[in-house]
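Q: What follows is the residue order along each chain.
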Amino acid sequence: MSFLLLFIVIPVLTVIGIFFSKTHMQVKWTAVIGMSFQLIMAGLLIYLFLAARAAGNTAEILFPQDMVWYKNLNIHFFIGVDGVSVAMIGLTSIVIFAGIFASWDVTDLPREFFTSLILLASGVFGFFISLDLFTLFLFYEIAVIPMYLLIGIWGSGPRHYSAMKLTLMLMGGSALIMLGLIGLYFNSAPDGGPLTFNLIQISKVTIPMPAQRFFFPFLFVGFGVLGALYPFHTWSPDGHASAPTAVSMLHAGVLMKLGGYGCYRVAVFLLPGAAHEMAWIFLILTTISVIYGAFGAIWQKDLKYINAYSSVSHCGLVLFAVLMMNQTAMNGAIMQMISHGIMTALFFALIGMIYGRTHTRYINEMGGLMKVMPFLAVAYVIGGLASLGLPGFSGFVAEMTIFVGSFQHNDVFHRVCTIIAASSIVVTAVYILRVVGILLMGKIKNPEFNHITDGKWFDRISVVTLILGITAIGMAPLWLSDMINNGLVPVMQRILLAGPILH
Amino acid sequence: MLIMRHELLLIAITVILLLVEIFLPADKKSRIITPAILLMTTVLILGFLPGPTGILFGGMYQTTALTLLLKNILNIGALIVMIQSADWLRKPENKEKISEYYILMLSTLIGMQYMISSGDFLMFYLGLELATIPLAALAAYERFKEKSAEAGVKLIFSSALSSGILLYGLSMVYGTTGTLYFAEVGPAFTGTPLQVLGFIFFFAGMAFKISLVPFHLWTADVYEGAPINITSYLSVVSKGAAAFILTILLFTVFSKIALMWSNVLYIIIILTITMGNLFAIRQQNLKRFLAFSSIAQAGFILLGMIGQSQYGMATVIYFVLVYIFSNLGAFGVVAIISNRSGKENINDYDGLYRTNPRLAMVMMLSLFSLAGIPPVAGFFGKFFLFAAAANHGLYILVLIAIINTIISLYYYLLVIKAMFLNRSDMPIPKIKSDFYSSLGLILCLVGIFAIGIFSAVFEMINGLSFGLY
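Respectively, the protein sequence lines represent chains A and B. The first sequence begins at 1 in the numbering used here and counts up one residue at a time. The second sequence begins at 1 in the numbering used here and counts up one residue at a time.
Derived from the structure by calculation, the hints contain no laboratory data. Hints are supplied without guarantee of correctness; some may be wrong.
What the hints assert, rightly or not - In silico EDC-like links for lysine to aspartate or glutamate, alpha-carbon gap of 20 Å or less:
id, chain 1, residue 1, chain 2, residue 2
1, B, Lys-343, B, Glu-459
2, B, Lys-417, A, Asp-108
3, A, Lys-204, A, Asp-66
4, A, Lys-71, B, Glu-344
5, A, Lys-301, A, Glu-365
6, B, Lys-91, B, Glu-344
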């Protein structure tokens with residue numbers, strides 16, 4: 001048995017534990033224990049992975065386990081990891097760990113809240129370790145559906161509307177994915193032989209071009225909905241604004257990455273021919289995402305909306321880099337996913353904590369918070385600086401890699417797209433610094449804010465975990481970048497083989 | 001004898017119940033519930049034992065491994081309905097006619113089993129009628145309620161009409177082929193215009209039973225008027241049986257005009273799924289709501305029939321099995337709440353989770369299974385059906401069906417929204433459900449989870465299904 005199974009077993013056990021917990025405290029501590037285990041497991045996984053690679057294990061997939069599930073359809077329960085998925089698992093375990101602490105003060109139906117939250121996380125973990133398209137899709141849907149209850153019950157503002165909109169749009173995306181996957185399955189053996197959902201096996205055959213052209217848009221748009229691809233991003237601001245703190249964190253931090261990861265792992269990897277042909281269409285859309293999200297964030301007054309639009313912009317950058325289809329840009333895409341995941345989780349956690357103290361999310365009504373809650377305010381500044389790409393933090397490494405990669409294309413179209421997308425960094429700086437200025441500096445506008453307390457111990461655990469993540473990547477990006485590159489090599493070989501060599 | 005054991009066993013317990021009814025004093029009628037359920041359980045278990053297969057009456061009646069499986073599936077559905085209706089039967093106004101209820105229900109079940117085992121059209125028609133007429137009596141069971149009586153009348157009229165059409169079609173088939181035996185009709189059925197007309201009439205008759213658009217108009221009214229347990233029986237067991245026999249007949253007798261009926265199905269599927277879903281959105285009464293949702297589900301069942309492959313047939317049977325558990329789960333909750341509080345509207349369910357968390361959970365999981373959300377079994381059923389249709393290159397049809405699952409998710413979420421998200425000043429008070437109601441729901445839950453996660457069920461069905469390619 002591969003120990004990767006534990007990534008699914010631990011959340012399930014935690015949920016069972018929560019079910020049998022009696023008091024509010026027991027529920028929370030069960031969740032903490034379960035997710036701490038998950039974090040330790042993720043650390044162990046990274047260590048074991050690096051050790052195996054250092055020992056010269058060059059297999060494409062490490063720790064594989066293949067079990068037949070539905071024999072006559074050739075559906076397997078096939079799990080395994082490469083460098084990219086290890087990185088994503090690390091991200092997920094950090095965010096969910098911080099998320100548990102960030103939702104320490106949930107009082108309404110806590111048992112159900114933590115159950116849904118951990119079910120969501122188990123879907124995400126399952127998604128990242130699956131190498132069979134059927135199980136991958138199954139976990140994808142498991143990750144999406146608890147959102148409805150999480151936003152609908154514990155959310156704020158127009159939460160019923162947002163929850164419904166988000167669920168239907170994401171499930172609409174998954175409908176497209178389902179058709180694409182079924183199409184992949186029936187084209188997975190063009191030379192005869194058994195049909196398969198096995199991702200690695202499909203990547204070794206060449207799917208006929210007409211089928212590629214037909215199914216690529218379904219898969220890319222389907223996953224793109226979750227990755228906030230323009231014009232399918234509209235669920236994101238509403239959903240994030242209405243969701244409770246931990247859910248915003250997980251959603252923007254991890255769940256949106258499922259979209260980016262799916263585009264990279266399924267759409268582009270398995271259908272490289274069509275990807276080369278159609279990349280330009282989606283490049284235009286993602287460029288719009290990047291710049292539109294950034295400008296959208298400038299106009300907003302609600303902290304959560306600002307961050308939600310900024311997520312649209314940053315996640316657009318992920319898809320943008322995936323579509324550049326060269327090693328450097330792809331590496332940047334994965335780095336951006338990790339970096340943005342942690343960073344945006346930090347933002348949402350802080351926004352939740354600020355809202356819990358000031359009871360408003362409108363920046364106009366706030367000011368001078370640095371004086372009353374220095375710890376949270378400093379954390380906010382750190383998150384902001386990382387977001388606008390200051391060297392030393394993860395954002396800089398990721399964005400730099402992306403733009404270096406995309407500038408390797410020397411035709412006018414790619415250059416124009418790159419320049420437009422890169423200009424979003426300036427816009428990002430505008431809205432981040434504006435918010436920091438209004439929110440934290442200056443005079444205290446509301447006398448009631450004088451009684452605000454700084455972060456409590458559980459707030460601090462949450463925030464510190466995330467900041468450690470950001471700075472670790474920012475200060476020493478090489479180990480992460482090497483691990484990702486390691487996973488990217490076979491993927492890139494296949495993509496470059498299928499299409500015209502681009503420079 | 002053993003070849004016909006399913007039917008004989010059911011006849012035996014029907015007779016036993018009849019005799020008990022005669023000798024039981026009037027004030028102790030409700031004591032019959034537990035023995036009846038135990039007897040039905042015995043029948044179900046005996047049905048699963050291995051037994052001989054073969055033909056009887058010169059080919060009019062046939063038993064194969066497949067028909068045994070189908071009969072067992074119907075028995076499971078009927079047993080769960082019997083368990084779920086125990087609480088309702090104990091009500092004072094129903095107490096006097098408990099055994100009537102069982103006898104009528106078991107008669108329809110016997111009819112369905114003969115229908116599935118039939119080897120010629122005469123037997124098939126007999127079984128069909130036996131399966132339909134007692135149902136009308138059951139729909140009018142609460143005769144003191146105007147709506148129930150109306151449901152009975154509507155059901156009997158529409159089934160009489162559909163039977164007539166079906167019989168007319170069969171007479172054309174008989175006229176052109178000169179035989180009623182399936183084995184002989186099949187080769188002789190070459191698709192002359194008169195035969196095609198006969199097939200169309202036959203199909204229209206069956207479409208009434210499965211309530212496909214445009215033959216669905218009776219469904220919502222009958223479902224709303226009939227007692228809930230009868231509605232669930234109608235929507236699950238009766239529909240399942242009709243879907244089974246339609247599949248078998250399409251695959252064997254009418255296989256020579258497969259291209260034609262595939263085109264017919266193509267259009268009917270799109271109409272049924274879309275209309276069922278769009279009408280379901282507007283429903284407030286949960287019985288009507290589930291009626292339209294079950295119309296849409298019937299459209300999904302047809303997806304597996306196109307292309308007449310073995311895999312397609314397996315997905316049809318598998319989906320019906322999943323559908324039995326998920327729909328009965330949903331109906332079970334509606335029945336409990338309706339019996340205890342008399343409330344049947346979606347608005348009445350506001351805040352249900354806060355007062356009755358378990359019922360709300362079961363309802364949510366059943367609805368997820370109906371909508372096709374993992375990890376419950378409905379996801380697997382839908383996915384396999386879509387794959388079956390995509391296997392024949394019908395990606396546009398699959399796309400339309402998948403988009404429709406999103407529409408259906410919307411209205412299922414409306415119920416979940418009422419139960420979990422909404423707050424109410426006057427929620428349904430806490431309900432202490434009795435043993436049988438809980439047992440029924442637990443069986444449904446086990447089914448919903450186990451059928452999907454354990455692949456053995458699907459593999460067994462696939463092994464027994466047959467196709468022509």
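Q: The structure should be examined with respect to each hint, and the outcome stated for every one.
A: Results for each hint:
no.: 1; hint: B/Lys-343 <-> B/Glu-459; verdict: violated, 41 Å
no.: 2; hint: B/Lys-417 <-> A/Asp-108; verdict: holds, 17 Å
no.: 3; hint: A/Lys-204 <-> A/Asp-66; verdict: holds, 18 Å
no.: 4; hint: A/Lys-71 <-> B/Glu-344; verdict: violated, 43 Å
no.: 5; hint: A/Lys-301 <-> A/Glu-365; verdict: holds, 10 Å
no.: 6; hint: B/Lys-91 <-> B/Glu-344; verdict: holds, 18 Å
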